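Hey, can you work out the whole structure from these sequences and the hints?
The chain contents come next:
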Amino acid sequence: MHSQETTVPVNADIDIVTARQKGRELARDLGFTSTDLALIATAISELARNIILYANSGEIVLSVVENGSRRGLKVVARDDGPGIPDIERALEEGFSTSRSLGLGLSGVRRLMDEFDIVSEVGNGTTVTVKKWRL
Amino acid sequence: MKESVQNVLQEEYTSALKNYLIHPGEDGLHRAYAVGRRALAEEFGPLEMAMLHHDALSGLLRESGEDALHVVKEAKNFFVESLTPFEMAYRGFHDATSALRRLNEKLEDEAKRIAHSIHDEAGQFLACVHIALEEVARELPPKSRKHLEEIRQLLNQVEGQLRRLSHELRPTILDDLGLLPALEFLAEGVSKRSGVPIAVEGERGGRLPPAIETAIYRAVQEALNNASKHAQASGVTVRVKRNEKTVVCSVRDDGVGFDAAAMLARKGGSGLGLLGIRERVAVLAGTVQINSHPGKGTEIIITVPIEA
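Chains as they are written, first to last, in the working numbering: chain A, 2 to 135; chain B, 210 to 517.
These aren't lab readings, by the way, just hints derived from the structure by calculation.
Predicted model, so just to flag it, every value in this text is computed and none were measured.
It is possible that some hints are incorrect.
Okay, derived cross-link-like pairs now, DSSO-like style, lysine-lysine, Cα gap no bigger than 30 Å in a straight line [claimed, not checked]:
1. A/K23 to B/K227
2. B/K454 to A/K131
3. A/K75 to B/K285
Okay, structure coming up:
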């Protein structure tokens, strides 16, 4: 029923709200608890925020994933920005102000079950996260 | 400064919540998250968030009349959303604590490895040197042999010192016999080197979890080093007391004392040892209390809960 993807272009703060909303709707359909919905929305906000802060524009793609009998939500955040020169460091420290507060990408990693990041300097960054229904 | 930030955030929270109650939707929830994120960056804690929410809500409830129940219910979503950045930070701290715990274990393994190298490898080299000297001695006239004998004495001292250092670095006695015997051994060594008498008191009791024994041993090691090097103490007492739930270890000296608060506030420098004690103990959910005043000696009290 959720075979297609929902793509939300991210260019301005208002798009963050749209991405959160689409993500929350999809997650609610999947039967996530209300606290999980809040955490998923937060993860989407952090990802969208990163796109605006570091790449100016990009997109967030939401879809349902399946693994055997388990179903989950997949969020892909993609941008064509400058890329992250040192992913490990970005994950460990978070960026600038979020540093040491555990926000940013490192925070997203902790809110979701799976986290994957591909970044090439000059070729943008793609972050893929998944959260499975328990 | 903080008060004005408090006011700004209170206003922001209240107006965003009010808006959300009129137009419930993602926009309002996003604002909740944004306020929470900002509050976190301003070093607010979850308790301050609870107060923000309470103040905003009680103001709105006064205006809402019979709709109170609905307001409370809707406001819950907003409140939860505003706390999500704190959830992220909380998970981050949790990860950092376990990373620190693993790091301590790694350091301990490393100390063990170095201790074994000193003991076994350096010991073996020295044994070879002894044999080589023996051979040389046979070819020498008796008068020069006496000279060699002196060298051999010195080598024996080096060997003894190396053995002692390797034991203190990672005392097998701690693994084999437990905390109190290890502390007695440590105190004896430090006392011999520094000339300061050190008494160790306490009941032996059963073994404690290895992480706790190691942390207390390290803390006492640091405290004894401080006391013997800087305190100009004429005596130090180490006391270990335990019951079912906690183990308490104190190290008290009668030396010159220091300004503990100033020492801990200072970053780096000679306070690092104290910080080291604190971190090791904090990872085990324990506490470190330092009582010290210039001229009145120093007492360090370490309390660690024993995990069930």
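Status of the hints after comparison with the structure:
For the hint linking A/K23 to B/K227, the alpha-carbon distance of about 23 Å falls within 30 Å, and the restraint holds. A threshold of 30 Å between alpha carbons decides the hint, and for B/K454 with A/K131 the separation of about 41 Å lies outside it, so the pair is violated. Note on A/K75 and B/K285: the hinted pairing holds, with a Cα-Cα distance of about 27 Å set against a maximum of 30 Å.
The structure is inconsistent with hint 2 alone, although it conforms to all the rest.
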